[in-house]
Structure formats: structure tokens, C-alpha cells
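Student: Each chain is listed here by its residues.
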Amino acid sequence: MTTVNDDDKAAPWFVDFQDVWLAYNDELLQQNHFAVEAIDLKVRQGEFIAIVGPSGCGKSTFMKLTTGLKMPSMGKILIDGAPVTGPLKISGMAFQAPSLLPWRTTVDNVLLPLEIVEPYRSSFKAKRAEYVERARRLLQKVGLGGYEDKFPWQLSGGMQQRASICRALIHEPKMLLLDEPFGALDAFTREELWCILRDLWTEQRFNVILVTHDLRESVFLADTVYVMSKSPGRFVVRREIELPRPRDLEVTYTKEFSDIVHELRGHIGAIRQTGAHTTA
Amino acid sequence: MNKKLIEMWAPWILLVVLILLWQILCSALDVSEFIFPSPWRIWTQFLEFKGIIAAHAWRTFWVTMVGFGIAIVVGVLLGFVIGSSRLAYAAVYPLMTGFNALPKAAFVPILVVWFGIGVGPAILTAFLISFFPIMVNIATGLATLEPELEDVLRVLGAKRWDVLIKVGLPRSMPYFYGSLKVAITLAFVGTTVSEMTAANEGIGYLLISAGSAMQMGLAFAGLLVVGAMAMVMYELFSVIEKHTTAWAHRGSQGH
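Chains as they are written, first to last, in numbering that gives the first Met the number 0: chain A, 0 to 279; chain B, 0 to 254.
Quick caveat, the hints were computed from the structure, so don't treat them as lab data. Hints may be right or wrong, so weigh each one.
[Said to hold, decoys possible] One-sided and incomplete, this derived list gives chain A residues near chain B with beta-carbon spacing under 7 Å:
id, residue
1, 66
2, 80
3, 88
4, 90
5, 92
6, 94
7, 98
8, 102
9, 115
10, 116
11, 118
Here the structure is a predicted model, which is why all the values come from computation and not from measurement. Ideal Cβ positions, reconstructed from N, Cα and C, are used throughout, including at glycine.
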């Protein structure tokens with residue numbers, strides 16, 4: 000099942016998964032038990048994709064593969080034209096838990112990646128003022144102006160999540176990976192953050208891979224939505240969202256929008272039916 | 000406002016009440032001063048022997064601090080090693096719990112054989128009894144790292160060391176200061192126990208010799224002094240903890 004065609008043609012794709020399989024360890028590999036199977040994925044430069052699916056379907060595994068935190072058992076992954084061999088520092092990540100460090104102020108939390116990733120790391124001391132300025136500008140852009148010097152525990156959940164996204168973006172990554180970033184927020188805060196993410200993406204055009212189980216979120220934000228099935232974790236549906244941009248929150252109340260959500264919901268329902276011999 | 004004031008003074012009021020009760024019982028029932036001294040008797044003996052008590056207390060104090068100092072160094076180093084590597088954790092932790100289960104007082108006779116009567120056994124007992132909580136707390140602080148945060152940093156090319164220094168160590172600081180409070184009181188226990196059998200100086204020695212001379216007032220005075228020293232040190236570390244790791248005691252702010 001492995002593809003052995005190493006004719007490194009210059010791929011036009013930013014993210015290029017070629018028949019990727021992953022088993023978590025050798026034992027599971029022997030038993031042919033894979034967390035994700037036969038992933039083929041082509042993403043254009045600057046494309047916003049969303050991956051939806053039931054929980055435990057390998058969405059997070061997919062993220063680890065994309066960032067090079069995990070290597071595939073079979074198949075090939077190219078990011079930005081180069082094969083993935085280890086952690087990819089051109090990526091920024093944010094999760095459902097903001098996981099900010101409580102002993103650092105918000106701006107210092109956002110600066111953390113610059114203390115670690117090259118080339119910023121070596122010049123961090125010398126250019127600190129410049130980086131602080133950059134972090135403050137970014138925080139102001141997401142509406143956290145005035146909260147830069149507060150501690151994370153003095154912020155609301157939505158504010159913490161904004162700071163977490165700033166932390167993911169401070170080193171100007173080419174690819175932003177979000178794993179259910181708005182899952183723990185109330186509906187209004189969530190919609191507010193959708194718009195913030197939309198604006199950041201519109202301005203900077205990094206690639207976004209958004210893992211979520213909120214179908215409205217995926218349709219509102221993404222260019223392409225992939226539906227993933229549960230054990231085995233595979234992409235079963237690819238749906239391009241043709242809604243014109245820029246999209247306003249109003250679009251979520253149109254028939255066009257709810258039709259797409261409905262359609263995707265149908266696919267998810269079908270997956271849950273087929274994989275439901277244990278659950279009802 | 001008034002309630003807060005009462006709350007603040009409550010322990011002192013209780014203490015005074017207890018002492019008065021103690022005094023009244025001793026006087027009313029005419030308890031022999033050789034069996035159970037009254038607070039007044041303890042106080043007079045304390046004043047009478049204050050020079051001697053001070054000398055012994057000073058000895059116990061610095062011996063404890065030396066043992067405690069060694070415990071901090073060893074505890075932090077061991078905790079750091081155990082907390083930063085899964086293998087070290089798996090290998091060392093069970094052995095350490097086993098060691099911790101041993102009664103430290105039982106080491107004293109062995110330490111006497113090795114180091115003779117005096118400072119050696121006392122310092123080492125204080126050390127042995129107090130390094131464990133420090134080590135465990137540092138290790139726990141380092142080992143309990145959110146996997147998401149580790150991913151965020153690892154993808155940026157962070158080495159294990161970066162994660163330890165930037166995240167693990169600061170995170171374990173509240174645990175560390177918390178453990179110091181526990182460890183300092185334990186260290187006083189260690190020193191006193193060791194001095195009772197293996198020294199010619201120190202509060203432990205004073206307790207034994209006062210007891211055998213039927214100077215119960217003096218023995219109680221010594222007991223109170225060592226208790227007071229341990230409490231003062233406990234409060235000291237409490238204050239340091241509050242001032243250095245305020246973020247961990249955020250209380251009612253936030254949510």
C-alpha cells in the first residue's frame with residue numbers, strides 16, 4: 000500500500016499527503032490497527048481547511064502528522080514542497096485549553112515562542128523591545144489592547160483563547176493549526192472569535208487547518224471542509240465551500256449556508272450509523 | 000471588618016484560654032510539679048535557665064538549618080532528575096518511597112557508629128527526614144506538564160531542556176515552597192530526635208537531661224522553644240511562598 004514513486008516533481012501544493020497511514024506503535028502496526036488510514040490531501044497555499052468528525056476519529060493525530068510531531072507509518076507528507084522529517088517550526092498551534100503560563104503576563108506569554116524558535120531565539124535579548132512591540136500590536140489586533148500586562152488568570156476564557164492564538168501566530172508561521180480552539184467558549188464569544196480568526200487570516204493568508212466538531216464553524220470559516228470517519232480515521236467527504244468572501248456573520252443565517260451545514264450533518268450522521276454497532 | 004479582626008486574634012485567644020485552663024487545673028487539683036508542671040512553673044524555669052536554653056536552642060537551630068540546607072540541595076537535584084526523565088522516575092521513585100517509609104530515628108544509632116556523638120548524626124537525621132518532600136514536590140511539578148503546551152513548544156524546535164527551564168521549573172516553584180514549609184518542621188523533628196540519644200548539646204539533649212533530673216518545667220520549656228523555632232521558620236517560608244508565587248494563590252480573582 001505504500002507509494003514508492005519518488006519522482007520529486009515540484010508540487011504546487013502547500014500541504015501534500017500521499018496515502019498516509021499511521022499506527023501509534025509497532026504492535027498496533029502488526030495488527031493492522033491504524034489511527035488514520037489512507038489520507039490523501041492536497042491543500043493550496045493560503046487555503047483554509049476544516050476537518051470535522053466525531054470525537055476520537057484521529058483529528059488530533061492528523062494534526063501531529065502535519066506538524067511533524069509524529070511520523071507516518073506509511074506514505075509521504077510534503078509541506079511547502081519539502082518532505083516532513085521532524086517538528087515543523089513554520090507551524091503555530093493552539094488548542095481547546097489556552098494553556099497560558101500563569102506566572103507570565105499576557106504579552107510575555109505571547110513572546111514565549113520567540114524565546115524558543117530560531118532565528119528569533121538568538122536575537123531575543125538584543126531585539127526584545129522590537130518583539131514586545133510586535134506582540135502588543137498582535138494583541139491589540141485581536142482586541143486585547145489594555146490587557147497586555149494582565150496575567151492570564153485575570154482574563155476571561157475568550158480572552159485567554161485570543162492570547163493563545165496570538166502565541167501561535169507571533170513567529171509568523173506559514174501554517175496555523177487549531178484543535179477545537181473555540182470548543183470551550185459560549186456561543187457569542189465563539190462567533191466573536193470566528194470573526195477575529197477570519198480577519199487575521201484575510202490579512203496574513205497563512206494556511207489554516209482547523210479541527211472542530213462545530214459544523215457551522217467549519218462552513219463559516221473554511222474554503223474546504225473534510226469529514227473524517229471514526230476508526231478507521233479516514234477522510235470520507237471533501238466539500239468545497241463556495242460562499243463568497245468576505246463572509247459576514249449574517250451569512251450563517253442564509254439558506255445557502257444552512258444547506259451546506261445540513262449536507263455535512265448528513266454525512267456525519269451516516270458515519271455514526273455505520274460505526275454504531277456498539278452505540279445506539 | 001470586625002469578624003476579620005476576631006478571626007485574626009482567635010488562635011491567640013484560644014492559646015491564652017488553654018494556658019489559663021491548664022494553670023487553673025494544676026493549681027486546683029494540686030498536681031505535683033514533678034509530674035505535670037503548671038504554665039507558671041514552666042515560665043519561671045524558662046527564666047531561670049534562659050541562658051542554658053538559649054545555648055541549646057541555638058545549637059539545635061543551626062544544626063537543623065545545615066541539615067535542611069543539604070536537604071534543599073539534594074532534594075532539588077534529585078527531584079529535577081526524577082521529574083525530567085521518565086526512566087529516572089520509574090527507576091528511582093519506588094526506591095525512594097521505600098526509603099521514606101523507614102523510620103529516620105532508626106538511623107541514629109548507625110550514624111553514631113559512623114560519625115560519633117555530636118553534630119554529624121543530628122545534621123544527617125535532619126537531612127534524611129526532610130529531603131523527601133522537597134524531592135517529590137519538585138519532581139511532581141516538573142512531571143505534570145500539559146501535553147498540549149509541550150506540543151506547542153516542541154513544534155517550534157524546543158528541546159527537553161527548554162521546556163524544563165521555561166515551563167517545568169517555574170511551574171514547580173509553588174510546590175517547592177509548599178514543600179519547604181513541611182520539610183523545615185520535619186528537619187526540627189530529625190535534629191531533636193537525634194540529639195536525644197546522640198549529642199551532648201541541643202534541645203534534644205536538654206529534654207533528656209532535664210527529664211532524668213525531674214526538672215519537668217525545664218523540659219517543657221525546651222519543648223516550647225523548639226516548637227516556637229519550627230513555627231517561626233514555617234511562617235517565614237509561608238511568607239516567601241506568598242511573595243514569590245503569587246500567581247498560584249490567585250484566590251477569588253479571575254474565575
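Student: It remains to establish, for every hint, whether it holds in the given structure.
Tutor: Quick rundown of the hints versus the structure:
1. 66: 5 Å, holds
2. 80: 19 Å, violated
3. 88: 5 Å, holds
4. 90: Holds, because the Cβ-Cβ distance from residue 90(A) to chain B comes to roughly 6 Å (cut-off 7 Å).
5. 92: 5 Å, holds
6. 94: Hint holds; residue 94(A) Cβ to chain B Cβ min 4 Å, cut 7 Å.
7. 98: 4 Å, holds
8. 102: Interface hint status for residue 102(A): holds (5 Å vs cutoff 7 Å).
9. 115: At about 5 Å, which falls below the 7 Å cut-off, the nearest Cβ of chain B leaves the hint on residue 115(A) intact, so it holds.
10. 116: 4 Å, holds
11. 118: 11 Å, violated
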